[in-house]
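There are 4 protein chains.
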Amino acid sequence: SDEGVLLVHGEDRPGLVRAISSALSENGANIVSLDQHTDDPEGGRFFQRTVFHVNDYAAVRPALEESLAKLLGKGLGLTWTLSDRSVPKRVAILASTSDHCLLDLLWRQRRGEIAMTVPLVIANHTDVADDVRSFGIPFVHVPSGGVDKSAAEARIVELLKGNVDLVVLARYMQILSGDFLEQIGVPVINIHHSFLPAFIGAGPYRKAKERGVKLIGATAHYVTQDLDEGPIIEQDVVRVTHSDTAADLQRRGADVERAVLARAVTWHCQDRVMRNGRETVVF
Amino acid sequence: SDEGVLLVHGEDRPGLVRAISSALSENGANIVSLDQHTDDPEGGRFFQRTVFHVNDYAAVRPALEESLAKLLGKGLGLTWTLSDRSVPKRVAILASTSDHCLLDLLWRQRRGEIAMTVPLVIANHTDVADDVRSFGIPFVHVPSGGVDKSAAEARIVELLKGNVDLVVLARYMQILSGDFLEQIGVPVINIHHSFLPAFIGAGPYRKAKERGVKLIGATAHYVTQDLDEGPIIEQDVVRVTHSDTAADLQRRGADVERAVLARAVTWHCQDRVMRNGRETVVF
Amino acid sequence: SDEGVLLVHGEDRPGLVRAISSALSENGANIVSLDQHTDDPEGGRFFQRTVFHVNDYAAVRPALEESLAKLLGKGLGLTWTLSDRSVPKRVAILASTSDHCLLDLLWRQRRGEIAMTVPLVIANHTDVADDVRSFGIPFVHVPSGGVDKSAAEARIVELLKGNVDLVVLARYMQILSGDFLEQIGVPVINIHHSFLPAFIGAGPYRKAKERGVKLIGATAHYVTQDLDEGPIIEQDVVRVTHSDTAADLQRRGADVERAVLARAVTWHCQDRVMRNGRETVVF
Amino acid sequence: SDEGVLLVHGEDRPGLVRAISSALSENGANIVSLDQHTDDPEGGRFFQRTVFHVNDYAAVRPALEESLAKLLGKGLGLTWTLSDRSVPKRVAILASTSDHCLLDLLWRQRRGEIAMTVPLVIANHTDVADDVRSFGIPFVHVPSGGVDKSAAEARIVELLKGNVDLVVLARYMQILSGDFLEQIGVPVINIHHSFLPAFIGAGPYRKAKERGVKLIGATAHYVTQDLDEGPIIEQDVVRVTHSDTAADLQRRGADVERAVLARAVTWHCQDRVMRNGRETVVF
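Protein chains in written order, with our numbering: chain A, 36 to 318; chain B, 36 to 318; chain C, 36 to 318; chain D, 36 to 318.
Simulated from the structure, these hints should not be mistaken for lab results. No residue lacks a Cβ here, since even glycine has one placed at the ideal position from N, Cα and C. It is possible that part of the hints are untrue.
[Claimed, not checked] Some, not all, of what chain A presents toward chain D, calculated at C-beta under 8 Å: (1) P49; (2) V52; (3) R53; (4) S57; (5) N65; (6) I66; (7) S68; (8) L69; (9) D70; (10) Q71; (11) H72; (12) P76; (13) H88.
When you get a sec, could you build the whole thing from the sequences and use the hints?
Structure below.
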C-alpha cells in the first residue's frame with residue numbers, strides 16, 4: 036500500500052514538526068495523518084506519529100532513513116522508528132488454560148482486523164492446542180516447570196528470539212523474570228483482570244466481590260519487572276450488581292478482558308502506542 | 036399518592052415472600068413492584084423491596100404495621116422499615132469549598148428529581164453560602180476548628196440530630212469521627228473522587244495521572260469508621276487520555292462525582308438501597 | 036439443580052403476588068429471586084418472574100402445574116410458563132457469510148455461558164460450515180433460492196419444527212415471511228446492525244457515515260412481520276470519530292453486534308425476557 | 036498565555052503540513068500540539084488544527100497573518116482561521132422554559148471550564164430570568180410572537196449581531212428561519228433531545244417509550260436550514276429499562292442533553308470542531 040508510519044519522541048524543542056515534515060516532503064512523501072503531543076509546554080517531551088504515503092516506498096526508504104538520521108538522530112537527540120504498513124507485526128501469544136483472550140485475537144487476526152501474523156502460540160497447558168491448530172497456527176507446549184521457571188523461560192526465548200516483534204500474554208498466568216524480558220528484546224503486553232491499580236495481584240474477581248464494587252474492569256499494559264505496574268495501554272469496565280456472584284464477575288470480566296487486550300494489541304500493531312515513562316501516549 | 040415502600044431483610048427461609056404479600060394483601064394493599072434477592076440459596080440473607088398502593092395509606096398504616104410486626108418481627112427475626120412515598124426524606128448536605136456536587140443536588144431537588152427536602156446546608160468555609168441561599172435554603176458556617184474537630188462535630192450534631200433522615204457529604208473533605216456517626220444516628224453518604232479501591236486517600240487525581248490510567252472514576256458509599264471502606268452504593272468512570280493534565284482529570288472527574296452522588300442520593304431517598312455487610316443491594 | 040423459573044403475565048389485579056407465592060409455597064418451593072413489574076398502576080399489565088428451588092423438581096412439577104393452573108389459568112386470565120433451569124433451551128442459529136455473531140454464540144455455548152444447546156446451524160452460504168463443524172455442531176446448507184424463498188423456508192421449517200425452542204438470526208440477511216414465523220412456532224431473535232429506529236433497512240453503516248454520527252449501535256429484537264419493528268430486547272453503542280471510514284464502522288459495529296446478540300440470547304434462555312406489545316420487559 | 040490556534044482546511048495536496056509548520060516556525064512560534072486529518076488519501080479534503088506558543092503573540096500576530104496569507108491563501112485555495120487562546124469566545128444563549136442545559140453552561144462558564152463569556156441570555160419565556168441574573172448575566176425576554184416569528188428573530192439579530200461569536204440553543208424549542216441564520220452570521224449550536232437520526236422532530240421521549248428502546252440519547256449539532264439535519268458535533272446515550280416511564284426518560288435524558296451540549300460548546304470554543312459538509316471533524 037506504500038504507506039509508512041514514522042514515530043518520533045524525545046526532548047521537545049522548536050521546529051521539530053517542521054523538520055520532520057520537511058524530511059518527508061523532500062523524499063516525496065505526503066502526510067496522510069499526523070498526531071503530535073508534548074507532555075509539558077515548557078521543557079517537556081515530544082511525541083509524534085506521522086502516517087505518510089509515498090510512491091514505491093521500498094525503493095525510497097533508504098533515502099528517507101538517511102534524511103531522518105541526519106535531521107533527527109544527531110544534535111536533536113530524538114528517537115525514531117519507521118515502519119511499513121504493508122508489513123504486519125509478528126506476534127507470539129502465550130496462553131495457559133483460558134481461551135477467551137487467545138481465541139479473540141486469533142479470530143480478529145483471521146478477519147484481518149489486526150495488522151499481525153501469529154507465527155506461534157505457546158502455552159503451559161495443552162487445553163487450547165486444538166483450537167489454535169484449527170486456525171492453522173503452530174502450538175507448542177512449554178510446561179512451566181514448577182518453582183524454577185528458568186528452563187521454561189529459556190525454551191520460550193529460544194523459540195521466539197528474533198522471530199517476533201511482540202509477545203502477548205493472553206491470560207498466561209505466569210510471572211516473567213526480568214531476565215526473560217531483557218533477553219526476549221521486544222515489547223510484552225499483558226492483560227490484567229482488574230481495573231488497575233485496584234485489586235493488584237491474584238484473585239481480583241473474588242476481591243471485587245468482597246469489596247462490593249459496582250463496576251469491574253480489565254487493564255492491558257506493557258510488562259515490566261514490577262508486577263502489575265507497567266505502562267497502561269487500555270482499560271475498560273462493565274457494570275455489575277449485587278446479584279452477580281464471583282463466578283458471574285469472572286464471566287462478565289472475560290468479555291472486558293478480551294475487548295481491552297484486542298484494542299491494545301491492535302493499536303500497538305498500528306504503531307499508535309508510545310511509552311512515556313510509566314505512562315503511554317496512545318494516538 | 037397513597038404509595039408506600041416496605042423494605043425487609045434478614046435470614047432467608049421458605050415462605051417469606053408469601054408472608055409479606057399476605058400481610059399487604061390483608062390490609063388492602065396492592066403490590067406495584069417487587070424486587071427480591073437472596074445472597075446465597077443455602078442459608079443466605081433475604082432482601083425484599085415492595086412498592087405498594089393502598090387507599091388512604093395514612094389511615095391504614097397502623098394496622099399494616101401491626102400485621103407486619105406480627106408476621107415479621109418475632110419468630111422470623113427480620114428487620115423491616117415502612118415508608119410513605121409522599122413524604123420526602125429530610126437531607127442535610129455538608130460541603131466545603133467545591134460547589135459541583137452541592138449545586139447538582141440542589142438543582143435536582145428543585146426540579147423534583149430527588150424525593151428529598153434540604154432543611155440545611157453546613158460548610159466549613161463560606162464560599163458556597165450565596166449559592167445555597169439563592170435556592171431559599173439555610174446555610175450555616177461551622178469552621179472545622181483545626182486539629183480538634185470535636186467542637187465542630189458537636190455543633191453539627193446539635194443542628195442536625197432529629198431533624199434529618201440522611202446526611203450527604205458533598206466533597207466535605209473532613210474525616211468524621213466514629214463518635215459523630217454514632218450520635219448523628221442516620222446514614223451518611225460520601226462521594227470519593229476515585230474508583231475505589233483504587234487511589235484510596237488524598238490526591239487521587241494526581242495519583243491517577245502518575246499511574247497513567249485511561250479511566251478515572253468516582254464512588255458514592257455509606258460512611259463507616261473505616262475511611263474509604265464503607266459499603267459502595269454507586270460508581271462510574273470516564274475516559275481520559277495522555278493529553279489530559281492532572282487539572283483536566285480533576286475537571287472531568289467532577290462531572291462523574293456529581294453524577295454518581297446524585298444517583299446514590301436519589302436511590303437512597305427512594306428506599307432502593309439496603310446494606311449487606313460491606314456490600315449494598317441496590318434494587 | 037432443582038431450580039425452576041415461573042413467568043406470569045396478564046391483567047394486573049390485587050393479590051397476584053400472594054397467589055403465586057402461595058402456590059409455590061404450598062408445593063414446597065422456596066423463592067430464590069423475584070422480579071415483578073406493572074406497566075401502569077391503574078389497569079396496567081402484570082409481569083412476574085420467579086426463580087424457585089424445590090427438592091426433586093421433576094417429581095413435584097405435575098402437582099405444581101396443577102396448582103398454578105387452578106390459581107392462575109381460569110378466572111384471572113393470566114398466561115404462565117414454567118421451566119426447569121437444568122434443561123437448556125434448544126436453539127437453532129441461522130447465518131449467512133459473516134461469522135462474528137455466530138462464532139461468539141458458539142464459543143459462549145461451549146464455555147457454558149448460555150443455557151442452550153445448538154442442535155443445528157443453517158446457512159444460505161457455506162462459508163461458515165467448517166467453523167461450525169469444528170464445534171461438533173451439524174451444519175446444513177439451505178440456499179435462499181432467489182426471488183421465491185418459500186422452498187428455502189419450507190426446508191428450514193422441516194428441519195427445525197418441533198426440534199428447537201428458539202431461532203436466532205446471526206446476521207442471516209434474509210427477510211423471513213409471516214408464514215414462516217407462524218409455522219416455526221417459536222420465538223425468533225434477530226440482530227440488526229444499527230441503533231434502531233435509526234438507519235432502518237439496508238446499509239446502516241454507510242448511512243451512519245454519511246450522516247456523520249458520533250456513535251454507532253446494534254439492536255437485538257424479536258422478529259415480527261414488520262421488518263425492524265419487533266420488540267427490542269437489547270441495544271448498545273460504540274463511539275466513532277471522523278477518522279473512521281465506513282469499513283471501520285462496520286468492523287467496530289461487529290463487536291457491538293455480537294455483544295448485543297449474546298446478551299439477548301443469554302437473557303432469553305434464562306427466561307428473563309417477556310414481551311409486552313411492542314416493548315419487552317427484561318428482568 | 037501567548038498561545039494561539041490555527042485551523043486550516045481545504046483540498047489536500049503534498050507539503051501542506053510542512054508549509055504551515057514553516058510559516059509558524061519562521062515567525063518564532065513553537066507547535067504545542069497538532070492534529071491533522073485527510074478524509075480521503077486520494078483527492079480528499081485536508082484538516083489541521085495547530086496549537087502554538089509564541090512570545091508576545093499580540094505583537095507577532097500581524098506578521099504571522101501575512102505569512103499565512105502568502106502561503107495558504109492564494110494558490111493553495113485553503114481556508115484558515117487564527118485565534119488567541121487568551122480571548123474567550125462571546126456566546127449568546129437562547130433558552131425557553133427548561134433550565135438544565137442553560138444552568139449547566141452558565142455554571143461551567145463561572146468555573147472557568149468553557150473558554151467563553153456570556154454577554155446575554157435571551158428566552159421566549161421568563162422562567163429562567165432570575166437564575167440567569169444570579170450569575171450576573173443580562174437576561175432579555177423576547178416572546179416568540181405566535182405564527183409570525185420574523186419580528187422576534189429580527190429583535191434577536193438586533194441584539195446579537197456583531198456582539199457574539201456563537202449562538203447556543205439551550206432547549207430553545209423554536210425553529211429558526213434560514214433568514215435568521217444568514218443574518219446572524221455566526222455558528223449556531225443546538226441540542227436535540229434524541230440520538231439523531233432516531234426520533235427526528237417533536238416528542239422524542241414519548242416516541243422512544245412507544246418504540247421500547249433500551250437506550251436514549253441526545254445530539255448536539257450545528258443548525259442549518261434543514262431541521263435536525265445539521266452536522267453532528269457530539270452524541271451520547273444512557274441506558275433505560277421497561278420500568279422507566281416517558282417522564283423518567285425525559286428526566287434521565289436531561290442529564291445526557293446537558294452533558295452533550297456542554298461538551299460540544301467546550302470543543303467549539305477551543306477551536307476543535309471543523310465542518311466537513313454534513314459531518315464534523317472533532318480534534
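Status of the hints after comparison with the structure:
no.: 1; hint: P49; verdict: holds, 4 Å
no.: 2; hint: V52; verdict: holds, 4 Å
no.: 3; hint: R53; verdict: holds, 4 Å
no.: 4; hint: S57; verdict: holds, 5 Å
no.: 5; hint: N65; verdict: holds, 4 Å
no.: 6; hint: I66; verdict: holds, 5 Å
no.: 7; hint: S68; verdict: holds, 6 Å
no.: 8; hint: L69; verdict: holds, 4 Å
no.: 9; hint: D70; verdict: holds, 6 Å
no.: 10; hint: Q71; verdict: holds, 4 Å
no.: 11; hint: H72; verdict: holds, 6 Å
no.: 12; hint: P76; verdict: holds, 5 Å
no.: 13; hint: H88; verdict: holds, 6 Å
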